[in-house]
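Undergrad: Chain A is fixed; fit chain B onto it per the hints.
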Amino acid sequence: MDTLLQQIINGYVQGSVYAMVALGYTMVYGILGLINFAHGEIVMVGAMVALSVVQLLINSGLPPQLVLLFSLIISVSVCMSLGYSIERIAYRPLRKAPRLAPLITAIGVSIVLQNLAMIIWGREYLAFPPILPNNSHRFFGAIITEVQILIVLVALIMMGGLLLLVHQTRLGCAMRAVAENPTAAILMGVNTNKVIAITFMLGSGLAAVAGLMISARYGIVHYYMGSILGLKAFTAAVLGGIGNMRGAMMGGLLLGLIESLGAGYIGDLSGGFLGSHYQDVFAFFVLISVLIFRPSGLFGGRIAERA
Amino acid sequence: MTIPELKPLLHVCDLKVSYGGIHALKGINFHIAPGELIALIGSNGAGKTTTLKAIAGLIPWSAGKIHYRDMSLQHVAAHQLIREGLALVPEGRGVFAQLTVEENLRMGAYSRSDKSTIANDLQDIYGLFPRLAERHMQLAGTLSGGEQQMMALARALMSRPKLLMLDEPSMGLAPQMIAKVFETIRNISTQGVSILLVEQNARLALEVAQRGYVMERGLITISDNAANLLDSDVVRRAYLGD
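Residue numbers (my numbering), protein chains in the order written: chain A, 261 to 567; chain B, -13 to 228.
With the rest of the complex left out, here is chain B:
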C-alpha cells in the first residue's frame, strides 16, 4: 500500500454504521489525499453506498471517525458539507426533474454567495457541456439518462467541490454514454478535484483511478494501487469477470 505524501483530505477511521440491527459497515478505514481519484469497488450490498451516505451526513454512524480537512464531521449537518467543498452525486443522480436544467445547475451553487462568479461558472459549464447549454430551459426530467448524469456532474461542479463523491455514475447508461461520463470524470480529476468513485463496474473505475479499495460485507478487504488491483487474481476473478 502506498502511503500518501500529502496530508489526507478525507480520513475515515474505524467507521461503523448499523441500521435496524444490520451492521452495514463493520469498521472501515481509508483515506483520500488531495487530488487523488479513488475507486471503491465491491458487489451489491457490500456497503459502498452506505459509506458515501455516512460521509455526506445522510445517515448517522454508530462508531468511528470521519475527518475532512482537519475537521471532524461528527456534528456537522448534512446541508453544511457542500459549503466545505464536499459534494455527493447520489445513486440515481438526484436530478430535480421538475426544475429546468439551468435551475438544477443553479441549485448546485446554492451554497455559494459569490453571485458574479456563479454566472461565470455557469457559462464555463455550458462551454464544457454544450448539450446542457442547448437544453438549459428544458425541464431536467425530459433529458435522457446520460444527459441527466452529465447534468448531475455539472451541478456538483457548480458547488466548486474539493472532494467529489460519485455513486454508480455508470448505472443504467448505454456504453457510449458511460465512456463519455468517465471521460468527464477523468477531466474533473485532472483539474485537481479529489474524487471518491463508487462503481459496480470495477474495471472502468480502476482504469481511471489511482488507488482502489475493495469492499466486502461491510469491510474493506483489499487496498492497493489501481493497476495492481486490475492485475490481481482475486480481484479479476471476483469483480472483473475474468
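Bound-form chain A, shown alone:
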C-alpha cells in the first residue's frame, strides 16, 4: 500500500515538471502550429544557468533561499531572452515557409544549443549543490521530501497563473485570438509578432523554472538532459491534445504517474524479467499509442477544437 502511494507521489512530482515543460510545447503549437523541438534544450539551459549562479553565490554568505531566488530570476530571464531570440532569428523568417522548414530548423536549433552548452559547461555530469535543507516527511507510510512539496506548489502556482493570464486578461484574449485566426486578430489591431514573441517567452520562462526544479530534485545536470526530458514533455503535450493548455497540464501529470507506476510494478508484472530501468519505455509507448488510437489527444487538441 505504501509502495503504491510512494509511486503516486513520485509520479505526481515528476508529472508537475512534465506539465510545466509540456505547456511550452503546446502554447507554441497552439499559436504557430510549430513543434518547437528546441524547447527541451531551453530547460537544460535554465538548469545550467541556475547551476552557475548557485556556484557563484553559494559561498557568498547569502541565505540559501536568496541564492535560490537569484538563480531562479537569472535563469528565467536568460531563458526568456533565449526563447525570444530563437523565435526572432530562427522561426520568424520562416513564418510563411512550408511547415517542414521550421520543424527542421527547430531540430537544428536544438543541436546548436546542446553543443553551445557542451562548450560552455563541459561534457561531464555536474553536481547541483543541495542549497535547501531537504528534509523528508512520512506521509501515510510513504516519504515526501520538502523539495518535492516545493516543486508541486510552484508548479501549481505557475500553471494557475498562466491559466489566469490566458483566460482573464486582454493579452491572453489576444493570444487565443491569434491562435485561432491570425488575420482576424491583425484586423482587431493585434500585433501578432509581439504576441507570438510573448508566447515564446512565457513558455521559456516556465521551462527555466522546470530546469531548476529538476536540478534541485536530482542534484545532477548535464548538457544532454534537455533531450529526453523534451521528448517526454512533448509526449505529455500530445497525450493531452497538443495546442490545448489544460490538456498539457493533465497530460504531464498523467505521464508522470504512468511512468512511475509502470516502473514501480514492471518487475512484479514481468516476474522480475524487466526492471525499473525500463521507465523511459513507458513514455514512448504512451506516445505511440496515442498517435495510433487518439491523435487529437485525450482532451482534444487544437485541430479537434477547430473542427
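By construction, these hints were calculated from the structure, which means they are not laboratory data.
Not one of these hints is a red herring.
Residues of chain B placed beyond 12 Å of chain A at every Cβ, according to the derived structure:
no., residue
1, Pro(-6)
2, Asp0
3, Lys51
4, His53
5, Ser102
6, Thr103
7, Asp107
8, Gly132
9, Lys148
10, Met157
11, Gln162
12, Ile164
13, Arg172
14, Val194
15, Ser209
16, Ser218
Each pair of labels, with its calculated beta carbon distance range:
no., chain 1, residue 1, chain 2, residue 2, range
17, B, Cys(-1), A, Lys454, 28 to 36 Å
18, B, Gln162, A, Gly420, 45 to 53 Å
19, B, Pro161, A, Ile349, 51 to 59 Å
20, A, Gly293, B, Glu202, 31 to 39 Å
21, A, Ile349, B, Asn30, 39 to 47 Å
22, B, Ile45, A, Gly421, 37 to 45 Å
23, B, Gln162, A, Arg430, 34 to 42 Å
24, B, Gly227, A, Thr443, 30 to 38 Å
25, B, Gly13, A, Ile548, 52 to 60 Å
26, B, Cys(-1), A, Thr429, 37 to 45 Å
Being a predicted model, the structure only gives us computed values, none of them experimental.
Note that beta-carbon positions come from the ideal geometry of N, C-alpha and C, so glycine has one too.
TA: Only chain B this time, still in chain A's reference frame:
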C-alpha cells in the same frame, strides 16, 4: 459621376496588385467621402476582395497609392489601421469561434485604451443587438451564421470606425437574416460611419448605397450613383439578373 463636395476620406489611386504573376488589380481609382456608403459590385474574381485586403494592409500592392485621412498607407502596418478608424469585416466574418461573444466584442476594442468608454460602448452594443446580450457568455462558434455576422458587425463597431469595410456580409445567410444585416448596415451608415460595401448581391448593395463602382477583371469599369446603376441596362443584365 458626382464630384464629392467633401474631401475624400479614402482615395485609391491607380492601385495595382499582383500575386504569382496574376494581375488581380490592374490600376483602379476610386474615393469615398466622409459619411458615404459606397457599393463595390462585380462578379466572382473581379478583384473586390483583393481591393479590400490591399486597403486593410493584408496584401502588398505593387503600384499606386492609397490615401486615408491625408495619410499614405504605404508603410502603415496592418494592425495599426484599426487605431486610425479603418475597420474590415472580412469575407467569412473572421469570428473567433473559441472566444465568447463578449470576448469577441472586447477584441473589437483591442486597439482602444479608453477603458471606461469601452464598457459603455459594450452596453450600447448590447442594446442595439439584444441577441448578443443574451448570448454574451456563449462561445461565438455556437452562434448561427446570421448571429455571427451581426457579431462581426458589432465587433467592428466596438473599434469606433470612421471607415467600415464589409466583405460579402450577406454570404451564406437566409433571406430574413440578410434583410436584418442590411438594416443594420443602413443604421450604421446613418450614424455617420463611412462604409465600403463589397457584395455579390448587387441589387441589395445598390439599394442601400449612395454610389457604386462596378469591377470587372481587376478594373473599375463603371462608376455612378447607385440609383443610376440600378437603372442601367448594362448593370441590370450583367449583375441584377434582369
